[in-house]
Amino acid sequence: MIRRLLIISLTNRVAIIIVSLVLMVVGLVCFKLLKIEAYPDIADTNVVIIAKYPGRAAEEVEQQVTIPIERSLNNVPKVIARRSRTVFGLALIQLSFADGTDDYFARQQVIERLSSADLPDGVTPEIGPLTTAVGEIYRYVLEAPPSVTPTQLRDLQDWVIVPSLLQVPGIADVVTFGGPVKEFHVFTAPEKLRKYKLTLPVVMDAIESNNRNTGGNIIERGGQGLAIRGIGAIRNEEDIRNIVITSINGVPVFIKDIASVEVGPPPPSGLLGYAIFHDGKNVNSGIEGIVSMRRGENPSDVLKALKAKMADLQVNEFPEGVKITPIYDRTSLVNNTLETVSHTLLEGVSIVIIVLVLFLGNLRSALVVAFTIPFALLFAFILMKLNGIPANLLSLGAIDFGIIVDGACVMAAHLVHKFKTATPEERKEGIIKLTLNASQEVGREIFFAVTIIILAYMPILTMQRVEGKLFSPMAVTLAFAVVGAMICALTVIPVLISFVYNKYLDEDQKETIPAWRKKLDVIGWMERKYEVGLVKILKYHKQVVIIGFVIVFALVSFIGKLGTEFLPPLDEGSIWMRAFLPAGTSVTETQKISPVVRRVVARHKQIESIVTQSGRNDDGTDPFPSNRTEVMMVLKDYKTWSQDTTKQELIAELRRELKEELPSTFISFGQPIIDNVMETVTGSAADLAINIQGYDINRMRGIADTVRTIVKGMQGATDVGMEQEGPQAQLNIQINRREAARYGINVADIQNMIEAAIGGKDVGSVYDHDKRYDIVVRYVPENRNSLDMIRSIQIPSASGELIPIGQLAVVKLLDGETNLYRADGKRLLIVKTNVQGRDQGGFVAEAKVKIANVIHLPQGYTINYGGQFENLERAGKQLMIAIPLTVIMVLVVLFMLFKNLKYALMTLVCVLFALAGGIMALLMRGYNFNVSAGVGFVSLFGLSVMAGVLLISAINRERTLDNSNLEFTLSKAASGQLRSITMMLIVAIIGLVPAARSSGIGSDIQRPLATVIIGGLTSTLIFTPFLLTALYYWIEKKKV
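Per numbering that gives the first Met the number 0, residue 0 is the first one in the sequence shown, and the count goes up by one each step.
FYI, nobody ran anything at the bench for these hints, they're computed from the structure.
Among the clues, some could well be false.
Label pairs and their calculated CB-CB ranges [to be verified]:
| # | residue 1 | residue 2 | range |
| --- | --- | --- | --- |
| 1 | Asn73 | Pro149 | 41 to 47 Å |
| 2 | Ser115 | Pro144 | 49 to 55 Å |
| 3 | Pro144 | Asp814 | 42 to 48 Å |
| 4 | Arg737 | Met788 | 47 to 53 Å |
| 5 | Pro568 | Gly295 | 26 to 32 Å |
| 6 | Met788 | Pro144 | 38 to 44 Å |
| 7 | Arg193 | Pro149 | 14 to 20 Å |
| 8 | Pro149 | Ala307 | 24 to 30 Å |
| 9 | Asn386 | Phe104 | 18 to 24 Å |
| 10 | Ser115 | Met788 | 41 to 47 Å |
| 11 | Val314 | Lys770 | 20 to 26 Å |
| 12 | Asp787 | Arg736 | 45 to 51 Å |
| 13 | Ala728 | Val314 | 35 to 41 Å |
Using 16 Å as the maximum straight-line C-alpha spacing, the simulated EDC-like pairs for lysine to aspartate or glutamate come out as follows [stated by the list, open to error]:
| # | residue 1 | residue 2 |
| --- | --- | --- |
| 14 | Lys770 | Asp157 |
| 15 | Lys847 | Asp823 |
| 16 | Lys51 | Asp618 |
| 17 | Lys322 | Glu142 |
We treat Cβ as the ideally placed atom computed from N, Cα and C, and that holds for glycine.
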């Protein structure tokens, strides 16, 4: 097959060049059409169910809403995790599905089963938008002159901006945070109701029955059909005031007689503040829009369309002076990431070309080999487009052009060597015949070596969930590029070399070698030294093999010194902070820390802007209690930072300063994208989440407190706390059924009065064109804001007598739950911690031992370990299965190549050489073993084996020509192949140096991977020419 491919290529040289150029043009077009993103979407397929039960405590919401919904969804197929969060008035249930599950299939399955949930009246669960934890692409705030009120600004957001932005292709959701919502409030007082012998339910019925339009069908008039409308819907507060409730002695009693009607906001669920430092803006109460992209869309295209729509709104819809100010734009992260990738790739290409010139000895050969780089990359773009793989940091950033050109290097080096050493008879046969014969000698080895490289990436393709979505696109993209490079090496490179060296076949046209090249011929010098040294190595081959392998195994044993973690800390160019006040703190009290946070942050010139969000949004997508503040800090470009400050140092300084200013506030730091992803995937954004599951929340809290104390005392533990807030004070109204029955009062009557008089009851809407505003009836604040006033609220009995609630129920303060978490049908408490200054794996191992020694769990209660450690554990188990299978597959391919198990096993020894160098490289740079490093080791398997394939194939090929003197034959073959092996490995090493030393945004994942490959290939370069040659000689000497 290889011979036929080479014949076709060399007999159709011009056609091959034209086809390759056409392919590259197609690749360029495909690149323009590729989806470009910063990071791959690593979230699971998720379906979120949101159910609001306003005014109800977390216990009631859990019992009446959360649990019924969970039970209705128990048999949804392909679900791998079920979690729920319940807070005051809100339940959020999340189902995570297995990899590969179609989003619309998952949503349809949930919708079908959701209808079977037995829920209270008025509770209608909704499916969350089709977005993911990485879907948030844009945040903005609305700014306006003093002439525009905050309520008018919120109106503009709710009824103009949000509907318009949702029409933008690719936008899944726009969440509003902050700003007063317009409502019509009817405030009444008990004494006024008693004056007219009215009750609150009568008032509510009057408003409801006086707020509708009706129709009288159609009448004919003069040949026309006239639609009849009865207009009676409420239009404004004056209409509400003039509603008649009853009449006394013929005198009507209006709403305005017993209540005041006002336009105003409900109690806020969330409050927003922000500061944009370069503009000098510092706002303590604002309105924010958070834009999320639909899963699977191209963020670059969506952002472009979004900004165009915003510009249109600015011109055609906004009042004078109102404007949208962006405070977070994913475009910046995409551009910064692409800049990091582009810079790394450009450096890599430049260095590879320079090294090729030095190794191949002339610019022509180097440029011929370098042609492989654009060809392979553009070939990969074609396959990426066909397979729907986006271009991002990992799919492009991990491409090593040194690896890509390896096959072309071997082919070019071998052809140039053959041209220079060709006999006169071979020269007379012509360039085509000579090129064909020389290409055949290494074509088969190149094909099998590339196949092995691709096989080595198989373990990456078996990874699941987060790690699979992170690294599978990289493996597939690199495999595409390597296949393209192999096609180029077996077709285009021989053609180009034959054109370039055609004239030098003539004896009179031999290539002249400049003096500078002779001086820079380092490989020639190495070949000569290697040939001399190989004589001694083969003489003492046993000692060399034994000592060499002792050294290799000693280096490999250092693997036990490596710490473990899931991923290196990622840098998104921003900081995500969470601040927690004591449970039960109101949102207005919680917001008081926001100005303090903004003041502290303003001291640090590295920060561009800050947004503080206290409480939760109105949509229910953030199930947080009122005592939580989330803070996003957008950082300035690192190029503007002073050299003596790092991001970690900035965070440490912020932590210290905020602790001094807010000593009773629990603060944790993270990153916005990865934190949201980890929270979605594992239930917690922390490095380690210790999950305590059971039934009795008080018993679970006792266990959790003990666990927290243990973890807090461990070295490296930071931000230790509970994921859930503790109990908060509740005002409990415990109804005495016997007393209620004595007065002929139903429990429902008492509950309805509690709901309406204290919490407020929605009794209808006011429509203003396409806008709609709620009408809420409740008591005036002074009649509902104290225990005594609540006890004095009166309920009409069967006889018409008004009975105070204090006689019908016990009203007292008790502790209740702030929020309730559940997982797989059981209650859940999470003790969380981040780990600094040591590895995650060692920290968890120590924690497990200490917790097991102290805590003895009762039956029905469990402790398991999640957070990022959960991902690490899962990825480790997958690799422990996949890597041995891959080694077996590589061994099979090697056997197919050599037709000899002994040679296949000898070649596989190179994996050990690479492993030793990769481990030492991680230790020298102070890196932990993580999934990124693991992917580097997997990549090493193929590359290191390729070196062994080239060496043993060359020796075997030489032995077929002359096997009379094994030592001479082996020395000749090994020396002759040293240039190809050295060039292949050094080019691959040099090509990854920029990625290993890169420090730009998005480079965090590249560095461990590149470090491992550089270290592994360096040790392969050191050990393979000596140890593998000595091992071959030792084994084969007995046969000669």
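Hint by hint, here is what the structure shows:
no., hint, verdict
1, Asn73 with Pro149: 41 to 47 Å, "holds, 45 Å"
2, Ser115 with Pro144: 49 to 55 Å, "holds, 52 Å"
3, Pro144 with Asp814: 42 to 48 Å, "holds, 47 Å"
4, Arg737 with Met788: 47 to 53 Å, "violated, 25 Å"
5, Pro568 with Gly295: 26 to 32 Å, "holds, 28 Å"
6, Met788 with Pro144: 38 to 44 Å, "holds, 41 Å"
7, Arg193 with Pro149: 14 to 20 Å, "violated, 37 Å"
8, Pro149 with Ala307: 24 to 30 Å, "holds, 28 Å"
9, Asn386 with Phe104: 18 to 24 Å, "holds, 21 Å"
10, Ser115 with Met788: 41 to 47 Å, "holds, 42 Å"
11, Val314 with Lys770: 20 to 26 Å, "holds, 22 Å"
12, Asp787 with Arg736: 45 to 51 Å, "violated, 23 Å"
13, Ala728 with Val314: 35 to 41 Å, "violated, 51 Å"
14, Lys770 with Asp157, "holds, 9 Å"
15, Lys847 with Asp823, "violated, 22 Å"
16, Lys51 with Asp618, "holds, 9 Å"
17, Lys322 with Glu142, "holds, 5 Å"
Comparing the model with each numbered hint stated earlier shows that hints 4, 7, 12, 13 and 15 do not hold.
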